[in-house]
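Asks: Chain residues, written in single-letter form:
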Amino acid sequence: MSADFLYGIEVIINGLMAGVLYALVALGFVLIYKASGIFNYAQGVMALFSALTLAGIMSGQVPFAHLINAIFGTEIHYFGWEVPVLAAIVLTLVVMVVFAWCVQRFVFRHLVGQEPIILFMATIGLAYFLEGVGDLMWGSDIKTLAVGLPQGGSMFVENATSGLGGDDFYGFFIDKLDMVATVVAIILVAGLIAFSQYTKQGRAMRAVADDHQAALSVGISLNFIWVLVWSLAGLVALVAGVMWGAKSGVQFSLSLIALKALPVLMLGGFTSIPGAIVGGLIIGVGEKLFEYLIGAPFLGGATENWFAYVLALLFLVFRPQGLFGERIIERV
Amino acid sequence: MKMKRLAAMALAGTLAAAPAMAELVIPDLSYRTGPYAAGGTPFSDGYQDYFNMLNARDGGIGGESIRIIECETGYNTEKGVECYESTKGEGALIYQPLSTGITYQLIPKATADGIPIHTMGYGRTSAANGEVFNWVFNYPANYWDAASVMINYLLEENGGDLSGKKIALVYHNSAYGKEPIRTLENLSEMHGFELSQLAVDHPGQEQKSQWLQIRRERPDYVLMWGWGVMNQVAVQEAANIGFPMENFIGNWWAGAEHDVTPAGAAADGYKSLNMNRIDANLPVFDDIRSLVHEAGNAAGDGSHVGSVLYTRGMYAAMLAAEAIAKAQEIHGVSNITAAQLRDGMEALEITEARMEELGMPQVGPAFSVSCENHGGSGLGIVQQWNAADGQWVALTDYIAPDDSVIDPLVAEDSAAFAAENGIEPGCL
Chain A
12 MSADFLYGIE VIINGLMAGV LYALVALGFV LIYKASGIFN YAQGVMALFS
62 ALTLAGIMSG QVPFAHLINA IFGTEIHYFG WEVPVLAAIV LTLVVMVVFA
112 WCVQRFVFRH LVGQEPIILF MATIGLAYFL EGVGDLMWGS DIKTLAVGLP
162 QGGSMFVENA TSGLGGDDFY GFFIDKLDMV ATVVAIILVA GLIAFSQYTK
212 QGRAMRAVAD DHQAALSVGI SLNFIWVLVW SLAGLVALVA GVMWGAKSGV
262 QFSLSLIALK ALPVLMLGGF TSIPGAIVGG LIIGVGEKLF EYLIGAPFLG
312 GATENWFAYV LALLFLVFRP QGLFGERIIE RV
Chain B
76 MKMKRLAAMA LAGTLAAAPA MAELVIPDLS YRTGPYAAGG TPFSDGYQDY
126 FNMLNARDGG IGGESIRIIE CETGYNTEKG VECYESTKGE GALIYQPLST
176 GITYQLIPKA TADGIPIHTM GYGRTSAANG EVFNWVFNYP ANYWDAASVM
226 INYLLEENGG DLSGKKIALV YHNSAYGKEP IRTLENLSEM HGFELSQLAV
276 DHPGQEQKSQ WLQIRRERPD YVLMWGWGVM NQVAVQEAAN IGFPMENFIG
326 NWWAGAEHDV TPAGAAADGY KSLNMNRIDA NLPVFDDIRS LVHEAGNAAG
376 DGSHVGSVLY TRGMYAAMLA AEAIAKAQEI HGVSNITAAQ LRDGMEALEI
426 TEARMEELGM PQVGPAFSVS CENHGGSGLG IVQQWNAADG QWVALTDYIA
476 PDDSVIDPLV AEDSAAFAAE NGIEPGCL
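These protein sequence lines map, in sequence, to chains A and B.
Note that this note's numbering has the first sequence beginning at 12, numbered continuously upward.
Note that this note's numbering has the second sequence beginning at 76, numbered continuously upward.
Do not rely on the hints blindly, as some may be mistaken.
Mimicking EDC-like on lysine to aspartate or glutamate, the simulated pairs with C-alpha atoms at most 20 Å apart in a straight line are [what the hints assert, rightly or not]: (1) B:K154 / A:D146; (2) B:K240 / A:D179; (3) B:K253 / B:E487; (4) B:K241 / A:D179; (5) B:K163 / B:D418; (6) B:K241 / B:E260; (7) B:K154 / A:E142; (8) B:K240 / B:E260; (9) B:K184 / B:E157; (10) B:K240 / B:E269; (11) B:K241 / A:D178; (12) B:K184 / B:E147.
Rather than coming from a laboratory, the hints here were simulated on the basis of the structure.
Kindly produce the complete structure, drawing on both the sequences and the hints.
Replies: Structure (structure tokens):
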């Protein structure tokens, strides 16, 4: 087989892996939108905040140390201990649940019945607030996230495939971190689907997603469900934050990964978990393949960001509700 | 009684709002928040700590105390312009925009307002021509110098011959990232190496395509013009594909500690340029620690002292302070104006002896500024990351750029700017 053909396959494989990472971010949007009709602009910042919290807890950093030191004239920065990864993850999830409760109690409870655009604007405010709190709580330094995730290309895959082409083919490159992210995403999606299908709370969540009024009439607490949904979105944000943060360190640009989720949502629909996954895969493969075949050789490269949106727009023209979104039927 | 109290309060308010007199006002357009905070914070800490040290140790400069006005730009061009507009009325003497985007916006404004801008190693490269850009200074070096220094270093590494070599440029897809392309293209023709260009879109969190291309094309060297998260991801991706780190060289905005620490041991051997040599034991740091930090006046938490960008911020402040002293000397007044500071900057001369005297020997090269040359000497060093020790190690002495390539480019670009803007080149 020719090296060009094999490298094309390599691009497709890496596009699929990148798509999984995009889908991880998109999942958080879908969960909240499906249950409450809110497009959560703050999802990217939630990924950043959760990763910052995890890194801060693991390193034994004192939250709000800068503020405390400025007020009391102290010089404290660390507790002097380190927290094991699993315990830190549990503590971070507790923080995200508290955050979910606060969001529900202090923001959205007061906005029940408001127009979707008002709710969307509220999430914009929430995003900037959370980014500021994250900065104040953990500082703006880049934090290394040492959670034991593997880095680097898989030598096993590279060696096993290097004989497929000639001398100018060096074997497939597959990032070990991307492989782990794929496995984690599969487990996460399976877990979310199992939760919504087979647990009482999951069924209540689906009932709320279908019809708020009907769910209320059978005794389902909307407040509880929304806290639950925001907590699950917090879990998804943590997973996304860890996977992206492992590549670059945890830093404030992590919040911009939300930009990668938007075309995925446009393509896959705002209400479908499988849609987020398939959308992510299509966007991942589409943008990488376009860059490989057209962008880099003919357009000077760096086409991925805008091509993802072009691809999503093309799908929108034919399926405005997205690939897996609920079909829009309006009766007159 | 009530009227009297109101009048007293109004007077107090007016006095508080009026600009303080007999002070050297220096705005600090910093960015301690947002995606680029990790780079902006140490620079700003170093910039402010040095001025605060001068206030504490020498009572300011020439007997005038220094007042710093910090304004947060978030590395956002619009906010940077707002910061400029809101601080210039305070009697601002000099601006260090710390962003190429902000610099481009401020060049016409500051020129019209008569306030000098210092863009140290960034901004518009052709501003080195002081006859066109009377109010803009980019000493001690600029982007085109950096590109040339990189190639000169590689020439040295390869016995003076780069013909047939493949060099890839990974760059931030912005005005900043594109700055070295023209220079590298000219150098490619001159030295016979093959140049490939790989653009990375903002913010640079995802670079898989670019590094797969590098893996396929196997260049001998990769040069990088990155900033922010692009740097950390690039170093990690280079390590992932097994690219030899000693053949990967970033510019001086891709060579701070936080650019390499996230990748851990995998970043070992990565190289970058630096316009300021670092040394954690500089004598000037003793003064900063004892007079500023221990007095509780540190701009930050004090953790960045000695780092690459803290040292660069301190170096920038020192160059501003020296220019202020020169302006005071030229005009015979201590409370100088922005226009007088411009004269001081144009007559600035930094010698090795003076650097030693200031407690920062070898931090920057010796250079002098003139009306014709606002760009300084253009020298840079190559440093290498030692992951085990967690520190940068200087590999070379200061390397000179190839002026025969840079000077015509500066002349051409500045002439085009002058023609576009109806500027008659000349000295003030």
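Asks: Hint by hint, note whether the structure agrees.
Replies: Here's how the hints hold up against the structure:
With a CA separation close to 19 Å, the supplied pair B:K154 and A:D146 stays within the 20 Å bound. This hinted pair checks out: B:K240 and A:D179 have alpha carbons roughly 17 Å apart, not beyond 20 Å. Between B:K253 and B:E487, the direct Cα distance comes to roughly 17 Å. Compliance with the 20 Å bound is thereby established for this hinted pair. For the proposed pair B:K241 and A:D179, the alpha carbon gap of about 16 Å is at most 20 Å, so the pair holds.
A C-alpha spacing of about 19 Å is found between B:K163 and B:D418, which places the hinted pair at or below 20 Å, so the restraint holds. Distance check on the hinted pair: B:K241 and B:E260 sit about 13 Å apart at the alpha-carbon level, within 20 Å; holds. This hinted pair checks out: B:K154 and A:E142 have alpha carbons roughly 18 Å apart, not beyond 20 Å. Restraint check: the Cα-Cα separation between B:K240 and B:E260 comes to about 14 Å, which is no more than 20 Å; the hinted pair holds.
Distance check on the hinted pair: B:K184 and B:E157 sit about 12 Å apart at the alpha-carbon level, within 20 Å; holds. Between B:K240 and B:E269, the direct Cα distance comes to roughly 6 Å. Compliance with the 20 Å bound is thereby established for this hinted pair. Taking the CA atoms of B:K241 and A:D178, the gap is about 18 Å. The hint holds against a cut of 20 Å. Proximity of B:K184 to B:E147 is assessed by CA-CA distance (about 19 Å); at most 20 Å being required, the pair is judged to hold.
Comparing the model with each earlier hint shows no violations; every hint is respected.
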